[in-house]
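Novice: Sequence:
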Amino acid sequence: MSDGIILETDRLVLCQWTASAVDEVFAMHSNPDVARFLDIEGRVYDRAKAAERVKGWIEELATTGLGKHRLIRKSDGEFVGRAGFSIYVTGAPEIGYTLARQHWGQGYASEIAIGLSDWLFATRADPHFIGFAHRDNLASRRVLEKIGMQPTHEDMVAEMPHQFYIKHRPVS
Numbered sequence: 001m002s003d004g005i006i007l008e009t010d011r012l013v014l015c016q017w018t019a020s021a022v023d024e025v026f027a028m029h030s031n032p033d034v035a036r037f038l039d040i041e042g043r044v045y046d047r048a049k050a051a052e053r054v055k056g057w058i059e060e061l062a063t064t065g066l067g068k069h070r071l072i073r074k075s076d077g078e079f080v081g082r083a084g085f086s087i088y089v090t091g092a093p094e095i096g097y098t099l100a101r102q103h104w105g106q107g108y109a110s111e112i113a114i115g116l117s118d119w120l121f122a123t124r125a126d127p128h129f130i131g132f133a134h135r136d137n138l139a140s141r142r143v144l145e146k147i148g149m150q151p152t153h154e155d156m157v158a159e160m161p162h163q164f165y166i167k168h169r170p171v172s
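Under UniProt numbering, think of the first position of the sequence shown as 1, with each following residue one higher.
Do not rely on the hints blindly, as some may be mistaken.
Stated by the list, open to error - When the alpha-carbon atoms are kept at most 30 Å apart in a straight line, the in silico DSS-like pairs for lysine-lysine are as follows:
| no. | residue 1 | residue 2 |
| --- | --- | --- |
| 1 | LYS74 | LYS49 |
| 2 | LYS146 | LYS167 |
| 3 | LYS55 | LYS167 |
Source of the hints: derived by calculation from the structure; they are not laboratory data.
Please put together the full structure from these sequences, using the hints given.
Specialist: Structure representation (structure tokens):
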């Protein structure tokens with residue numbers, strides 16, 4: 001797609017990072033509700049951490065062809081969060097998404113997760129992808145289940161218990 005657009009859904013656009021992204025990521029990750037399941041101590045980001053993360057996502061995309069991208073609302077361009085795939089330590093693509101607190105409960109996570117699942121299987125040869133969510137993050141776990149992922153096991157991520165999921169390529 002052109003203009004830095006990775007994919008579009010009915011209400012959302014997943015696109016490349018922009019200069020304003022550090023402030024957007026800082027605002028999103030400085031909310032304790034957002035940080036709660038991402039850090040064992042619930043630490044929020046400062047601007048330096050936000051800049052480091054954005055730089056890392058850009059580098060990851062350049063290195064692996066996958067990464068977390070800027071997620072905006074199609075109707076008005078408002079920053080909604082970040083979403084995409086990373087390469088997990090096992091070598092499998094790992095779906096991930098984080099939404100700004102004010103955008104929770106509107107179906108955006110499910111919408112972009114469905115779009116990402118379809119995109120991955122349409123553009124890459126991966127036989128499956130994985131996802132995981134903190135054991136107590138029921139909303140995120142429901143998103144993974146809603147897109148057809150199956151639970152596999154529990155493991156520790158960032159010193160916190162996470163439920164892992166897998167989705168296999170559909171048989172054609």
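Novice: Confirm or reject each hint.
Specialist: Against the structure, the hints come out as follows:
no.	hint	in the structure
1	LYS74 with LYS49	27 Å, holds
2	LYS146 with LYS167	11 Å, holds
3	LYS55 with LYS167	29 Å, holds
In terms of the numbered hints stated before, the structure departs from none.
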